[in-house]
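S.K.: Chains A and B, in that order, are what the protein sequence lines are.
Residue 1 is where the first sequence starts when you use the working numbering, and the numbers rise one by one after that.
Residue 1001 is where the second sequence starts when you use the working numbering, and the numbers rise one by one after that.
The set of hints was computed from the structure by calculation and includes no laboratory data.
All values derive from a computational prediction rather than experimental measurement.
Be aware that one or more of the hints could be misleading.
[Unchecked claim] Restricting the straight-line Cα-Cα distance to at most 27 Å, the calculated cross-link-like pairs of lysine-lysine (DSSO-like) are:
| # | chain 1 | residue 1 | chain 2 | residue 2 |
| --- | --- | --- | --- | --- |
| 1 | B | K1018 | A | K203 |
| 2 | A | K154 | A | K130 |
| 3 | A | K6 | A | K83 |
| 4 | A | K154 | B | K1302 |
| 5 | A | K203 | A | K130 |
| 6 | A | K203 | B | K1281 |
| 7 | A | K208 | B | K1097 |
| 8 | A | K126 | A | K83 |
| 9 | A | K6 | A | K126 |
| 10 | B | K1292 | B | K1015 |
| 11 | A | K265 | A | K203 |
| 12 | B | K1313 | B | K1281 |
| 13 | B | K1281 | A | K265 |
| 14 | B | K1292 | B | K1302 |
| 15 | B | K1018 | B | K1137 |
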Amino acid sequence: MPDGAKPVLEVRGLKTVFRTRSGAVHAVNDVSFSLREGELLGVVGESGSGKSVTMMSLIGLLPSPPADVCGGQVLLRGVDILKATPDELRRVRGARIGFVFQDPMTSLNPVFTVGNQIMEPLRKHKGMSKAAATERAVELLELVGIPDARRRLKSYPHQFSGGMRQRVMIAIALACDPEVLIADEPTTALDVTIQAQILELVKELRQKLGMAIIWITHDLGVIAGIADRILVMYGGQVVEQGPVREVFRAPQHPYTRALLRTIPKLHGAREARLEAIEGQPPILTAAPAACPFAPRCAHAFDRCRAENPARHSIDSRALGEGHDVACFWQAPAPQEAAHA
Amino acid sequence: MLDARDETAPLVQVKNLKMYFPIYSGLLRRHSGDVKAVDDVSFHIMPGETLGLVGESGCGKSTVGRAVLRLYEPTAGSVRIDGEDIPALTPEALRRKRPTMQMVFQDPQASLNPRMTVADIIGEPLDEHTTLSRDEKLARIYELMDQVGLNRAFANRYPYAFSGGQRQRIGIARALALNPKFIVCDEPIAALDVSIQAQVVNLLEELQDRLGLTYLFISHDLSMVRHIADRVAVMYLGQIAEISPRDALYAQPLHPYAEALLSAVPEPDPSGAQQQRIILKGDVPSPANPPKGCNFCTRCPKVMDICREVEPKLQEAAPGRQVACHLINPL
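Sequences and hints are given; from them, build the entire structure.
M.R.: Dropping the structure here:
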C-alpha cells in the first residue's frame, strides 16, 4: 500500500453551485482530498451526495451555466487545473486524467467503430500516425481482455454486450497512459457476474500499470474489495475519510455507521430486522449552516443543528493522511468481533 | 390470518409455465422463432411465505412475475392461485380474481400516473372493484396511508412531490387497497438508495406479518433476498437452476450457477476473508437461441460432455431442494 507516497492529485476546498432559475443548489461544499501515487480511492455516497459532481468539477466537464465551480484548488502534480485555459484543460482530459462513465450504452458514440473511438485520443493527444494508433488500439483491447482484438476494432458499440462495452470504455480511458483514472459507477449498470469480471480486470490493470484511481460507487461491497482508502460523502461534503480497513472496522461518522448496518449480509447471522436510516437526504438549496446529517442522526445534539462540524483527525496523523471525520459526536471504540 | 381449511396446500402453484415472445422477420413478417423468456418453470409458494426469485438481467424473472398474474398471456402451463387456474379464467372471472393478487412495480416513477393525486391513485382499485361510498372510500385511503407510513396530509399531492422511497410506499398502498392474499414484488427496491431500501423492506415485512401476505419477491440483490425470503429460486436463461430453502442455499449452493452468482457478490468486508471468487467467462447467451443441452453449459466451470447434449431436469436433490444439474444425484 503506497503509504506516504506523493499526491498526484490534490483537491482543496472545492465548491460547486448550480445556479438555476428556480434557485441555487449547493452540490459540492468545501470538499478536500488527495490521491496518492498508485492508490485506489473509493468515493461512496447516495444519489445527490455530490460524488459525481465533485469529479466532474475537477476536470471542467460540467456545463457552465448552470454549474459554477466557485471555489477551491485542484492541483495535478502541483499545478492548479481550475485555473487552466480551455486549451490547457483539453490537454489534461483524456491524456493525463482518464474518465470511465457509469453507462457504457450512452457514453460510446453509436455511429463510429470502437477502433475509431479508441484511436481518437491517441491521434489527438499523442499525435500518432494511423498505423501506430491501430497497433496501440489492438494492444489496449487485448489488455482489457477482449478476444480477437484486431477484428473487433471494426465493430460498432451495439455489437458488444454491456460488460464488453465497459471494457472498451476502460481501454479508451487508458489509451494515453493517464496518471489518474476516474471511474464513475463503472459497474452499477452491470450484472453481478459481469461486475466481478470488471473488478478482477481493474485489479490486474493496477498491478500492471500502477496508476492512481478514483472509484465512485454507492456499493460498499465493491469498495471493500478494491479500495485502499475511502471517502464518504453526504450532503455535498466529505463526512469521513480514511484507510478502508480502518473505516470498515471502526466507522466514526453516524452516517457511515448506519450505512454499514443497513446493508443485509450474505453470510453469518441473519438480521431479524434491517436497521433503516429514517428520513430523507437533504436538499441543498443553501450552503450548509449545520451538519447536513443532523435531521436523520440518532446521536445529534444542539450543536449539530447550529454548526457544521469541520473534519478532524482521529489519530495522530495529519488531516487527510489518516482517518478523519466531520462530526461533533464521539464514536465509542469498536467492540472486537466475537471470535476475539 | 390463514384459511382454516388446509394450511399445508400451497397458495400459488406454477407448473410448466412457458412464456415465448414470437420473432417475426423477413418481408412477409413470417414467424421465424421465439424468445424463450420463460421456458418450463415450476414452483409453489405456501400461504404466508416469501419466495425469492433471483437472477441476472434478461433471465426471465420479471416475465415469470407478470405471466403468473396474467399481465402477459402465458404460452403454456398452469398457474393455480388459491385453487383457481389463472390462465384458464374467462375475462370476467379474471377481473373478479384480480383483487386477491396484486403487484408492486420496480420503478415508482413510471408506475404512478403523474396527473393523479395520491388519494386518486390509492383509491382507483376501490372504484373499480368495490361499491364504497365517498366517505368510506376516503376512510379506507387514509387507513392505507397510515399502514404504509404516509402522512394523511399529503393525500391531495401529486407523485412528483414525493421522493423515490415515498413513491414506492404509494405503490404498496395501492397494491394493498383490495386486501390481496398474494403480491408479486418486482424489484421493489432496485431504484432506491441504500439508506431508503431498508425502510421499504422493513415495511414489506411488517405488512406481511400483520396481514398474512404471501410474496413472490423478484430481485437481483442476493443479500436483500437472503434477508426477506424463506425459500429462493435461482433463474438462468428462462429456467430455474435451483430452488432451495434460504439458509441451505446461502450455506451451500448446489447448482454451479447459483454458486458462481453468490460468490460474485462483493461483500462489505475489507479483511479479505471473502472466499475465492468464481469468475464466469463470457456473457449470457440469447434466449432466442439457447444452447443445446443445459442452458448454462457455455459458461459453466464444471461442464461435462453430457451437459452439451442432454438438458438436465429440475429434480429433488435434498429434502426441499430442487436442482437442474447433471452433477447432482437426485434423491
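S.K.: Hint by hint, which ones does this structure get wrong, listed from lowest number up?
M.R.: 1, 4, 5, 7, 15
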